[in-house]
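There are 2 protein chains.
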Amino acid sequence: MEEETLYRSLRLPHRPEGKLVLLVLDGVGDIATTATGYLTPLEAAVTPNLDELARASAMGRMTPVLPGITPGSGPGHLGLFGYDPAQFQVDRGVIEALGLGMDLQPGDVAARANFCTVNAEGVVTDRRAGRIDTELNRTLCRKLGAVRKIGETEIIVRHGRSHRFVVVFRGGGIAGPLPDSDPHREGLPMRPIAAENREERVERAAEVIARFCRQAMPLLSQDLPANGFLLRGIGSLPRIPGFEERFQLSAGAIAVYPMYRGLAQLIGMRNLEEERDIRKQFQQVLDEFENFDYFFIHVKGTDMAGEDGDFDGKVAIIEAVDRALPLLLRKRPLVLAITADHSTPAAMKSHSWHPQPVLLNSPVSGSDRLSRFTETCANRGSLGVFQSKYLIRLMMANAGLYGKFGA
Amino acid sequence: MEEETLYRSLRLPHRPEGKLVLLVLDGVGDIATTATGYLTPLEAAVTPNLDELARASAMGRMTPVLPGITPGSGPGHLGLFGYDPAQFQVDRGVIEALGLGMDLQPGDVAARANFCTVNAEGVVTDRRAGRIDTELNRTLCRKLGAVRKIGETEIIVRHGRSHRFVVVFRGGGIAGPLPDSDPHREGLPMRPIAAENREERVERAAEVIARFCRQAMPLLSQDLPANGFLLRGIGSLPRIPGFEERFQLSAGAIAVYPMYRGLAQLIGMRNLEEERDIRKQFQQVLDEFENFDYFFIHVKGTDMAGEDGDFDGKVAIIEAVDRALPLLLRKRPLVLAITADHSTPAAMKSHSWHPQPVLLNSPVSGSDRLSRFTETCANRGSLGVFQSKYLIRLMMANAGLYGKFGA
Chain A
1 MEEETLYRSL
11 RLPHRPEGKL
21 VLLVLDGVGD
31 IATTATGYLT
41 PLEAAVTPNL
51 DELARASAMG
61 RMTPVLPGIT
71 PGSGPGHLGL
81 FGYDPAQFQV
91 DRGVIEALGL
101 GMDLQPGDVA
111 ARANFCTVNA
121 EGVVTDRRAG
131 RIDTELNRTL
141 CRKLGAVRKI
151 GETEIIVRHG
161 RSHRFVVVFR
171 GGGIAGPLPD
181 SDPHREGLPM
191 RPIAAENREE
201 RVERAAEVIA
211 RFCRQAMPLL
221 SQDLPANGFL
231 LRGIGSLPRI
241 PGFEERFQLS
251 AGAIAVYPMY
261 RGLAQLIGMR
271 NLEEERDIRK
281 QFQQVLDEFE
291 NFDYFFIHVK
301 GTDMAGEDGD
311 FDGKVAIIEA
321 VDRALPLLLR
331 KRPLVLAITA
341 DHSTPAAMKS
351 HSWHPQPVLL
361 NSPVSGSDRL
371 SRFTETCANR
381 GSLGVFQSKY
391 LIRLMMANAG
401 LYGKFGA
Chain B
1 MEEETLYRSL
11 RLPHRPEGKL
21 VLLVLDGVGD
31 IATTATGYLT
41 PLEAAVTPNL
51 DELARASAMG
61 RMTPVLPGIT
71 PGSGPGHLGL
81 FGYDPAQFQV
91 DRGVIEALGL
101 GMDLQPGDVA
111 ARANFCTVNA
121 EGVVTDRRAG
131 RIDTELNRTL
141 CRKLGAVRKI
151 GETEIIVRHG
161 RSHRFVVVFR
171 GGGIAGPLPD
181 SDPHREGLPM
191 RPIAAENREE
201 RVERAAEVIA
211 RFCRQAMPLL
221 SQDLPANGFL
231 LRGIGSLPRI
241 PGFEERFQLS
251 AGAIAVYPMY
261 RGLAQLIGMR
271 NLEEERDIRK
281 QFQQVLDEFE
291 NFDYFFIHVK
301 GTDMAGEDGD
311 FDGKVAIIEA
321 VDRALPLLLR
331 KRPLVLAITA
341 DHSTPAAMKS
351 HSWHPQPVLL
361 NSPVSGSDRL
371 SRFTETCANR
381 GSLGVFQSKY
391 LIRLMMANAG
401 LYGKFGA
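Taken in order, these protein sequences are the chains called A and B. Heads up, the first sequence is in this note's numbering, so the first residue is 1 and it goes up one at a time. Heads up, the second sequence is in this note's numbering, so the first residue is 1 and it goes up one at a time.
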């Protein structure tokens, strides 16, 4: 039997008798290096509240996708939400659109775009147009916005940072994916937009997008170095089963950054108001406690500090979370999981493949008698190293939502 | 290559040069909670002999099926015997029949049954007939036994406890599975027995079983509250490859309870005489030492104590096993695995999904230099957390039964 079918067959019909809370400290997992005396930020931080929780919890580590695979935020979070990231892929165009806070609809096709430099022969000489600044990007996107419609398809252009922007093609019976127009190397001409299969909606999308390029590109002819643009990751909003349908849990998302709000929206979680302060985020759980079965709380600071190589900054965010933790526990979740979507080692200044630590606390989680929520403690936990996609299953088992398999 | 094909291709043709012994302490895995000072029964027990063995062994923990899934005894043991429990499913009727010690044969279809109360309109008003006592159940089953044959199919009715019994339909070219006649809710009529596919043997089974119900039900008409019965989990003896054929190991089973003897029989292990005392069970291994390659020893007491929430009782059984262990080791197995089919935490009074600890000892198991056979020690073992279905592979590797894969 397929895993998903098996889990589904065991789901008891009742709602949980308490709340399931997933607290994501984005990128909190780290590695110990000589530079910091072989300490990780979780080890260097002073965290009396997390320590107390850890002593009563089960722990382990999670592989976000597969060993050695470094996930982006999309796959990282899809795993935490119980979707195999290798199976449910979201095209980059869609992720970027969600990341810019665009409200995608079924039938939309989204593309990442870069401003670029092309010469008189149509050869791409700079794929990033000298990394123009965001202000100029905004102005150029306004120019492109003059193309509002191609046939039945509405065009929405939204600027991003530096040379990056997003184009959403809405309606008119179109679908992705389509190959990039980006040649991925300088010195080559742009690739024509063309469908790779004979699916009618995909062929129509190719036609619409090719026409958009022909109409929009001349609008930039005077804007050297940004006198052209390249499209990448052109794709449709994917068909992902809704979280509530899949797990029979109503879910509220408490996230600040558009990317995470977009992912939550993609699977039908309800986004609560944006609150940047960790204490205010935790207060939202208390305020909305009766309205959802499951809460997803996203704390971004740990990842940003990791990306910046800012070890001390990462420590500070962890300590801020620790100080706020008693507030979150004021209404005790039935099941609480604290983890990351992936590691972002400060020493690497980037996401990585290193399994992130996970703490699971419930009245039946058992205690692994480990003293702290750290990587080395988690290594000795009863959960072992497992794929992120199983976390929701363990949370649901701890909430008493699965019946016994077989006699 | 399929896993099974790969393992099979590596199986060396020789018999093992010693014995492989699997000692199952049913449900021995547990969780540490505040109620017991964060100790588990394995930790609270005084086990000098297990401790000595642990120091020379590899350890780890096993997921019986998949993360968060709580197995019944059937799937729990199939995993230990090297069968993926999600792939090899045994219908509940078959498990119950085996559990009552019935000798099922290929071509049999077995159903669980409940006595129930139906009103004049044929509506089920009590799905358990007020949980009648076992003595009355026995009398009523004798009444139903008057229907001995339907066409070519022999009928065998066997009483269980309280309102539960089993019906086996033998021969006549029939096969399951069939949907339940149990409406699974009171206030609804019984469901008609009907095949869900057009397979000839399944349709014939539906016809035979429907006729059985029509003939047998009136025999109970005066027996309020047990004036009807419901059938559930109607299924055939599954096609499971025999243990000896699959692993090229002859196997003897030393189990007391009919359920485990039934499962052993299902995969072709030879059941030795029933001995309830742990020392006598171990003595059976010594007595039969030359007659089998593999021994499965089943100790039930740990699970029963767990189900009863009897922490001290569970400790006592573990200590009894420990005291008897030197007897088992008098003829040293080449490979000895000690584990459970699942955890049965005393605090939960039920089976659970928590990975059970496993100890693996052989001249080449290596030692993880851990001091005791406990959950927390096992968390730090070299075997990690792995699916139960791989245990037999590790045992066979330790017995030198697999050749090298590739050059």
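Bear in mind the hints are in silico, worked out from the structure with no lab data behind them. None of the values given here were measured: they were computed from a predicted structure. Incorrect hints may have been included.
If several chains are the same, the list does not tell them apart, and a pair holds so long as it fits within one copy or across any two.
[To be verified] Derived lysine to aspartate or glutamate pairs resembling DMTMM-like cross-links, with alpha carbons at most 25 Å apart:
1. K349 to E245
2. K404 to E244
3. K404 to E2
4. K143 to E307
5. K349 to E4
6. K280 to E4
7. K349 to E199
8. K349 to E2
9. K404 to D84
10. K331 to E121
11. K149 to D51
12. K300 to E275
13. K300 to E3
14. K149 to E203
15. K331 to E43
16. K404 to D293
17. K404 to D182
18. K300 to E154
19. K280 to E196
20. K143 to E154
21. K404 to D322
Treating 25 Å as the Cα threshold, decide for K404 and E2: within, between, both or neither.
Cα proximity of K404 and E2: one copy only (17 Å, versus 28 Å across).
### Task
Using 25 Å as the alpha carbon limit, work out where K331 and E121 are close: within a copy, between copies, both or neither.
neither (66 Å within a copy, 50 Å between copies)
Alpha-carbon proximity context of K404 and D84, limit 25 Å: Both. Shortest intra-copy (23 Å) and inter-copy (16 Å) distances satisfy the 25 Å Cα cut-off.
| said: At most 25 Å between alpha carbons: which applies to K149 and E203, within, between, both or neither? | reply: Within one copy only: 18 Å inside a chain, 59 Å across chains, cut-off 25 Å.
From the Cα coordinates, with 25 Å as the cut-off, is the pair K404 and D293 best called within, between, both, or neither? within (22 Å within a copy, 33 Å between copies)
Within, between, both or neither, where K149 and D51 count as close if Cα-Cα is 25 Å or less = neither (57 Å within a copy, 67 Å between copies)
Are the CA atoms of K143 and E307 at most 25 Å apart within a copy, between copies, both, or neither?
neither (33 Å within a copy, 72 Å between copies)
Problem - Same-copy or cross-copy closeness of K300 to E3 [CA-CA at most 25 Å] - result: neither (32 Å within a copy, 30 Å between copies)
Exercise. How would you classify K280 and E196 at a CA-CA limit of 25 Å: within, between, both, or neither?
Worked result: So K280 and E196 fail the 25 Å test inside a copy (48 Å) and across (54 Å) alike.
How would you label the pair K280, E4 (within, between, both, or neither) given a Cα cut-off of 25 Å? neither (36 Å within a copy, 44 Å between copies)
Within, between, both or neither: how does the pair K349, E4 come out at a Cα-Cα threshold of 25 Å?
neither (36 Å within a copy, 27 Å between copies)
Could you place K404 and D182 in one of the four classes (within, between, both, neither) given a Cα distance threshold of 25 Å? Classified as between: cross-chain Cα gap 19 Å, same-chain 52 Å, threshold 25 Å.
Checked against the numbered hints given earlier, this structure breaks hints 1, 4, 5, 6, 7, 8, 10, 11, 13, 15, 18, 19 and 21; the rest are met.
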